[in-house]
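Trainee: Sequence:
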Amino acid sequence: MKDGCSCGTQRDCIDSGGIHYSLNNIKVSEVFAIPRWNIECSVVETLLQSTFKCLYNQTYIDLLLYYATSVYDQYTNTLIQTIADELFIEEWKTNSYYSSFYNQCAPDYCSYKTQKDDYAIYIISQVLDLYGGFTVSLRYIISIITKIIFNNIKRCQNNRIIPNE
Numbered sequence: 788m789k790d791g792c793s794c795g796t797q798r799d800c801i802d803s804g805g806i807h808y809s810l811n812n813i814k815v816s817e818v819f820a821i822p823r824w825n826i827e828c829s830v831v832e833t834l835l836q837s838t839f840k841c842l843y844n845q846t847y848i849d850l851l852l853y854y855a856t857s858v859y860d861q862y863t864n865t866l867i868q869t870i871a872d873e874l875f876i877e878e879w880k881t882n883s884y885y886s887s888f889y890n891q892c893a894p895d896y897c898s899y900k901t902q903k904d905d906y907a908i909y910i911i912s913q914v915l916d917l918y919g920g921f922t923v924s925l926r927y928i929i930s931i932i933t934k935i936i937f938n939n940i941k942r943c944q945n946n947r948i949i950p951n952e
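Counting along the sequence shown from 1, when you hit position 5 you're at 792 in this note's numbering, and nothing is skipped either side.
In short, the hints are calculated from the structure, not lab data.
It cannot be assumed that every hint is accurate.
So the derived label-pair ranges between C-beta atoms look like this [to be verified]:
#1 TYR899 - THR838: 19 to 25 Å
#2 SER924 - TYR899: 42 to 48 Å
#3 GLY795 - THR838: 54 to 60 Å
Using 20 Å as the maximum straight-line C-alpha spacing, the simulated SDA-like pairs for lysine to any residue come out as follows [to be verified]:
#4 LYS880 - GLN797
#5 LYS880 - ARG823
#6 LYS880 - VAL831
#7 LYS840 - ILE801
#8 LYS840 - ARG823
C-beta: ideal position from N, C-alpha, C; glycine also.
With the hints as extra help, turn the sequences into a complete structure.
Mentor: Here it is in structure tokens:
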């Protein structure tokens, strides 16, 4: 894969297909390139992003068979289900570079919010709301009560019998 690219952390790791000499899992030189064959993180992604141009060329097929004989011998008795369950991956090689990861994912700035509860202001506003509500309701209640009291007083005065002298 490309330098610093890891299928474990990135999905778009694409490399050109071909046969390569490698030393300690590091690509040293390319024996031959396979045209229009893009190596991706899984076999399915590789097939979806490549063409079959090389498979219609006998020279490339002969070269693939020549260089891949050890691979064929290794998996002749392995069930395809087993290989598919392992996602066609023989060995997972990870080359992680923290500096590359940080440079790619570093934020431009950091910010955070803290929520501070001002209970004193909340309590004062609630008390004032209650006071306003009580004031309005008491105004109506007291006016009704005073009307009732005055009506009762008038009735009592009208019902008094004054003796004649």
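Trainee: Work down the list of hints and note, for each, if the structure agrees.
Mentor: Okay, the hints, checked on the actual structure:
| no. | hint | in the structure |
| --- | --- | --- |
| 1 | TYR899 - THR838: 19 to 25 Å | violated (49 Å) |
| 2 | SER924 - TYR899: 42 to 48 Å | holds (45 Å) |
| 3 | GLY795 - THR838: 54 to 60 Å | violated (27 Å) |
| 4 | LYS880 - GLN797 | holds (13 Å) |
| 5 | LYS880 - ARG823 | violated (24 Å) |
| 6 | LYS880 - VAL831 | holds (18 Å) |
| 7 | LYS840 - ILE801 | holds (18 Å) |
| 8 | LYS840 - ARG823 | holds (7 Å) |
When held up to the earlier numbered hints, the structure conflicts with 1, 3 and 5 and fits the remainder.
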